[in-house]
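Number of protein chains: 2
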Amino acid sequence: MFESAELGHQIAKDVYKKEVAKLREALLDVQFDLAESKRFPVIILIGGVDGAGKGEVANLLNEWMDPRRITTCAFGPPSEEEASRPPMWRFWRQLPPKGEIGIFFGSWYTAPIISRAYGESKDAELDNALEDIVRFERMLTDEGALLIKFWFHLSKEKQKARIHDLQKNPKTSWRVTERDLHHLKLYDKFRQISGHVIRETSTANAPWIIIEGYDANYRNLTAGSYIRDAIRKQLDNKTNGNNRSVAAPILQPIDKLHILNTLDLGKSLEKDDYTKQLEKYQRKINLLTRHPKFKDMSLVIVFEGADAAGKGGSIRRITHAVDARFYKVIPIAAPTDEERAQPYLWRFWRHIPGNGRITIFDRSWYGRVLVERVEGYCSEQDWMRAYAEINDFESQLIDNDTLIVKFWLQISQEEQLRRFEERQEISFKRFKITEEDWRNREKWDAYQIAASDMVDRTSTGHAPWTLIEANDKNYARIKILRTLVDALEDRLGNVD
Amino acid sequence: MFESAELGHQIAKDVYKKEVAKLREALLDVQFDLAESKRFPVIILIGGVDGAGKGEVANLLNEWMDPRRITTCAFGPPSEEEASRPPMWRFWRQLPPKGEIGIFFGSWYTAPIISRAYGESKDAELDNALEDIVRFERMLTDEGALLIKFWFHLSKEKQKARIHDLQKNPKTSWRVTERDLHHLKLYDKFRQISGHVIRETSTANAPWIIIEGYDANYRNLTAGSYIRDAIRKQLDNKTNGNNRSVAAPILQPIDKLHILNTLDLGKSLEKDDYTKQLEKYQRKINLLTRHPKFKDMSLVIVFEGADAAGKGGSIRRITHAVDARFYKVIPIAAPTDEERAQPYLWRFWRHIPGNGRITIFDRSWYGRVLVERVEGYCSEQDWMRAYAEINDFESQLIDNDTLIVKFWLQISQEEQLRRFEERQEISFKRFKITEEDWRNREKWDAYQIAASDMVDRTSTGHAPWTLIEANDKNYARIKILRTLVDALEDRLGNVD
Numbered sequence: 001m002f003e004s005a006e007l008g009h010q011i012a013k014d015v016y017k018k019e020v021a022k023l024r025e026a027l028l029d030v031q032f033d034l035a036e037s038k039r040f041p042v043i044i045l046i047g048g049v050d051g052a053g054k055g056e057v058a059n060l061l062n063e064w065m066d067p068r069r070i071t072t073c074a075f076g077p078p079s080e081e082e083a084s085r086p087p088m089w090r091f092w093r094q095l096p097p098k099g100e101i102g103i104f105f106g107s108w109y110t111a112p113i114i115s116r117a118y119g120e121s122k123d124a125e126l127d128n129a130l131e132d133i134v135r136f137e138r139m140l141t142d143e144g145a146l147l148i149k150f151w152f153h154l155s156k157e158k159q160k161a162r163i164h165d166l167q168k169n170p171k172t173s174w175r176v177t178e179r180d181l182h183h184l185k186l187y188d189k190f191r192q193i194s195g196h197v198i199r200e201t202s203t204a205n206a207p208w209i210i211i212e213g214y215d216a217n218y219r220n221l222t223a224g225s226y227i228r229d230a231i232r233k234q235l236d237n238k239t240n241g242n243n244r245s246v247a248a249p250i251l252q253p254i255d256k257l258h259i260l261n262t263l264d265l266g267k268s269l270e271k272d273d274y275t276k277q278l279e280k281y282q283r284k285i286n287l288l289t290r291h292p293k294f295k296d297m298s299l300v301i302v303f304e305g306a307d308a309a310g311k312g313g314s315i316r317r318i319t320h321a322v323d324a325r326f327y328k329v330i331p332i333a334a335p336t337d338e339e340r341a342q343p344y345l346w347r348f349w350r351h352i353p354g355n356g357r358i359t360i361f362d363r364s365w366y367g368r369v370l371v372e373r374v375e376g377y378c379s380e381q382d383w384m385r386a387y388a389e390i391n392d393f394e395s396q397l398i399d400n401d402t403l404i405v406k407f408w409l410q411i412s413q414e415e416q417l418r419r420f421e422e423r424q425e426i427s428f429k430r431f432k433i434t435e436e437d438w439r440n441r442e443k444w445d446a447y448q449i450a451a452s453d454m455v456d457r458t459s460t461g462h463a464p465w466t467l468i469e470a471n472d473k474n475y476a477r478i479k480i481l482r483t484l485v486d487a488l489e490d491r492l493g494n495v496d
Numbered sequence: 001m002f003e004s005a006e007l008g009h010q011i012a013k014d015v016y017k018k019e020v021a022k023l024r025e026a027l028l029d030v031q032f033d034l035a036e037s038k039r040f041p042v043i044i045l046i047g048g049v050d051g052a053g054k055g056e057v058a059n060l061l062n063e064w065m066d067p068r069r070i071t072t073c074a075f076g077p078p079s080e081e082e083a084s085r086p087p088m089w090r091f092w093r094q095l096p097p098k099g100e101i102g103i104f105f106g107s108w109y110t111a112p113i114i115s116r117a118y119g120e121s122k123d124a125e126l127d128n129a130l131e132d133i134v135r136f137e138r139m140l141t142d143e144g145a146l147l148i149k150f151w152f153h154l155s156k157e158k159q160k161a162r163i164h165d166l167q168k169n170p171k172t173s174w175r176v177t178e179r180d181l182h183h184l185k186l187y188d189k190f191r192q193i194s195g196h197v198i199r200e201t202s203t204a205n206a207p208w209i210i211i212e213g214y215d216a217n218y219r220n221l222t223a224g225s226y227i228r229d230a231i232r233k234q235l236d237n238k239t240n241g242n243n244r245s246v247a248a249p250i251l252q253p254i255d256k257l258h259i260l261n262t263l264d265l266g267k268s269l270e271k272d273d274y275t276k277q278l279e280k281y282q283r284k285i286n287l288l289t290r291h292p293k294f295k296d297m298s299l300v301i302v303f304e305g306a307d308a309a310g311k312g313g314s315i316r317r318i319t320h321a322v323d324a325r326f327y328k329v330i331p332i333a334a335p336t337d338e339e340r341a342q343p344y345l346w347r348f349w350r351h352i353p354g355n356g357r358i359t360i361f362d363r364s365w366y367g368r369v370l371v372e373r374v375e376g377y378c379s380e381q382d383w384m385r386a387y388a389e390i391n392d393f394e395s396q397l398i399d400n401d402t403l404i405v406k407f408w409l410q411i412s413q414e415e416q417l418r419r420f421e422e423r424q425e426i427s428f429k430r431f432k433i434t435e436e437d438w439r440n441r442e443k444w445d446a447y448q449i450a451a452s453d454m455v456d457r458t459s460t461g462h463a464p465w466t467l468i469e470a471n472d473k474n475y476a477r478i479k480i481l482r483t484l485v486d487a488l489e490d491r492l493g494n495v496d
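Residue numbers (the working numbering), protein chains in the order written: chain A, 1 to 496; chain B, 1 to 496.
These are calculated hints, taken from the structure and not from any lab test.
In this text the structure is predicted, and so the values were computed from the model without any measurement.
A hint or two may mislead.
Since the list can't tell identical chains apart, any single copy or any two copies may satisfy a pair.
[As the list claims (entries may be wrong)] Keeping only pairs whose Cα atoms sit at most 20 Å apart, straight-line, the calculated EDC-like set for lysine to aspartate or glutamate is:
1) Lys38 <-> Asp337
2) Lys233 <-> Glu394
3) Lys293 <-> Asp496
4) Lys122 <-> Asp132
5) Lys295 <-> Glu81
6) Lys122 <-> Asp399
7) Lys185 <-> Glu100
8) Lys156 <-> Glu3
9) Lys328 <-> Asp296
Please work from the sequences and hints to get the whole structure.
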């Protein structure tokens with residue numbers, strides 16, 4: 001969830017200065033057009049961890065835009081007047097009218113998150129509150145509002161460093177409160193709860209936009225650019241009547257860093273090591289899948305990655321270790337006619353394993369947010385809502401004692417080219433390379449952004465993605481087998 | 001919730017015969033067009049109480065339409081294969097493809113309702129299951145499916161009679177199982193739970209259609225006509241891409257009976273009686289609103305009804321009894337510019353009373369599903385989703401210890417005319433009658449249907465509608481005051 005906001009994003013000072021000048025002009029433009037049109041209100045939620053610059057962003061936005069058409073509302077503990085009414089009343093009162101912008105500093109998310117982190121409420125109560133929030137936000141967007149939800153994030157180390165810096169400086173030490181220090185101690189708890197909240201409330205019309213808050217330049221420029229794009233996009237949408245809201249724009253990292261292009265693809269493994277470890281892990285997988293308790297669970301393994309990333313070879317290293325009666329490998333290509341006549345998840349439900357069985361998907365339901373997104377096979381609304389639908393789908397499997405292990409195999413563009421050319425030279429591998437593979441290569445960047453979004457939005461606590469540095473096949477295969485063994489041992493206990 | 005399905009709807013045999021012949025032809029037509037277009041699947045859920053004719057309807061539909069393009073699935077206890085997979089798997093397997101019709105006899109609703117009624121699950125678990133269902137059904141309709149959810153209802157007396165009839169006849173007595181008799185004992189529990197389920201899962205795209213099941217002619221004709229209209233409406237909608245689904249048609253009672261035109265408007269009260277009771281109830285209202293515990297709650301009273309139904313006079317009979325510092329009367333007319341720039345519920349949130357206070361709404365948020373629906377001031381999708389939004393809104397008030405009392409004042413069309421004419425003759429009342437009032441009269445039937453739908457869909461256990469027979473003003477005012485006193489005493493204890 002937060003991986004993309006822990007990469008150390010930053011923007012150099014000179015670049016920032018130049019970009020901000022352009023951004024401010026563009027923001028004033030969209031704000032003016034918004035006010036003229038009076039078509040919809042813009043509600044900006046500012047959430048995130050302490051020290052990530054929430055206040056600075058709110059101040060900057062007021063400075064960059066025309067403050068006469070912005071209302072900034074901070075929500076502390078409720079007043080007596082507010083406490084005697086339903087909790088949502090205070091937010092309703094502050095909603096900006098059509099044509100204007102409201103910045104909400106603290107929001108309807110604050111109380112549910114804090115009370116769960118302090119242990120004052122339970123998971124079920126939090127989930128009920130989140131369902132209420134989803135319905136409330138749906139009403140807002142159905143009514144035409146543009147809802148932008150920012151989450152400013154810091155890694156634990158960065159938050160510690162930030163608070164330490166503030167304390168050291170006599171001019172700022174007063175800003176560090178007891179509450180900040182207490183929250184720092186609860187960092188892991190807050191991280192887990194916020195991740196859950198963000199996942200459950202990221203909808204197609206109002207997704208959370210997670211921004212790394214450490215480098216002020218990156219943070220400010222990213223937030224400002226996103227607001228510019230989101231307002232412009234909704235202004236450009238001329239649909240009237242129903243469903244006036246449009247899918248929110250996806251955040252494009254302005255420094256081009258994402259979780260895939262920051263992987264260290266130089267990792268490799270010697271042949272000898274590889275052979276030894278391969279044997280060790282295959283033996284374990286064999287034992288684990290014959291474990292008596294394996295009969296009460298099932299296993300779903302998902303492989304995604306660029307063409308020629310090594311999915312097939314890795315799958316064979318798993319299947320060699322397992323009794324053929326217990327697994328199925330499902331290669332996912334274009335849907336059949338029968339599949340096309342059904343909701344898109346139907347073709348995967350068909351292959352869900354029963355207890356004691358394994359299904360390995362060579363590509364999967366994630367096609368919806370990869371190939372279908374990039375190639376435009378489905379509408380933007382369709383793939384935006386797919387994140388939530390996929391999380392729902394996987395939750396149902398997990399509730400049924402299915403273990404889900406998901407691999408993304410990452411290779412470099414150069415390595416892919418090398419493998420393509422190799423395949424064309426080796427006659428028995430020639431069938432593996434088609435015109436389409438070459439076409440897909442041209443969209444490399446788009447696929448990388450889509451995959452990075454996918455990992456951010458669907459790497460859940462119960463079904464995390466494992467990113468595999470796959471330029472070296474030996475290294476990749478062993479990491480895959482080891483991850484699988486760890487996940488199985490976690491469920492069934494160690495074998496040996 | 002079930003009031004409209006307990007009116008004794010029926011269709012005479014000769015009418016039925018004539019109508020069915022036309023209906024069958026129309027059903028075959030839409031089914032053929034659906035199959036030709038292959039644009040969407042039709043999923044028909046058959047739910048409801050035992051003995052309401054669920055099986056007969058499923059059989060008839062197969063008889064009336066081309067059975068080669070219908071699949072009927074009955075869901076009993078899960079098989080071993082099904083039990084080893086997530087609960088939804090069995091339903092996914094049976095989804096009809098685009099162009100075809102699936103009749104689901106028992107559905108994803110069955111297990112949550114039964115297990116709650118048997119006390120195997122709690123309210124929170126039921127609500128979680130319902131949220132999952134709403135998301136699942138939203139996915140289906142987002143994917144373009146037409147989802148028709150029938151609930152066949154019998155009043156307790158009718159269900160008893162039906163089972164008794166079956167038992168008496170040796171040819172049918174075998175059909176009455178132990179389970180049926182057990183469920184009859186649990187009637188009230190099932191009614192309460194089903195009402196809750198239906199309210200929470202009636203969305204704009206997939207509302208429940210409640211049909212009285214006692215008279216077979218009415219039941220069959222209503223179900224068949226609804227299917228015909230729903231498929232035709234979706235076929236006529238040519239929108240492609242996003243949001244392919246359209247708002248479901250509203251059920252129009254084919255025998256023209258609804259909860260409002262079946263009220264006994266002859267009820268009246270003598271002047272003497274009226275004066276005595278007026279004094280008694282006003283005294284009680286005064287005591288109750290000065291009760292020490294009244295400071296920890298608030299009171300919202302809603303008045304709706306046709307023009308000249310007597311809302312203003314009734315409101316004055318309440319306010320005369322209450323300290324003027326503690327109440328506000330909010331007359332709702334067309335929204336102001338400021339209100340128009342906000343989501344539609346905003347103008348009512350403004351007037352929510354704090355603790356110890358009373359707000360009386362002379363017309364209310366129900367305008368969305370009355371005047372705005374009938375006059376076309378908002379789109380069909382907008383008012384269809386308003387039922388759920390209003391229920392959400394009222395739940396929030398109730399959770400905050402607000403008592404909500406809602407009155408619908410019903411007069412006959414003749415009585416309205418008499419009052420209009422009287423107003424025109426009495427100079428000081430002339431301002432009360434406008435051109436618009438005369439125009440509204442022309443849409444009498446449309447308003448009555450809208451009001452009847454409103455009561456069906458928003459009369460909740462915690463905020464029920466009270467229907468007031470208002471042709472006689474004395475009778476109406478006393479019934480209103482008595483209802484209010486009963487509701488307050490229910491909360492605060494008896495006074496006297």
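Status of each hint after checking the structure:
no.	hint	in the structure
1	Lys38 <-> Asp337	between (46 Å within a copy, 11 Å between copies)
2	Lys233 <-> Glu394	neither (32 Å within a copy, 34 Å between copies)
3	Lys293 <-> Asp496	within (16 Å within a copy, 68 Å between copies)
4	Lys122 <-> Asp132	both (16 Å within a copy, 19 Å between copies)
5	Lys295 <-> Glu81	between (58 Å within a copy, 13 Å between copies)
6	Lys122 <-> Asp399	both (19 Å within a copy, 18 Å between copies)
7	Lys185 <-> Glu100	neither (39 Å within a copy, 58 Å between copies)
8	Lys156 <-> Glu3	within (12 Å within a copy, 58 Å between copies)
9	Lys328 <-> Asp296	within (18 Å within a copy, 63 Å between copies)
When the structure is compared with the earlier hints, violations turn up for hints 2 and 7 and for no others.
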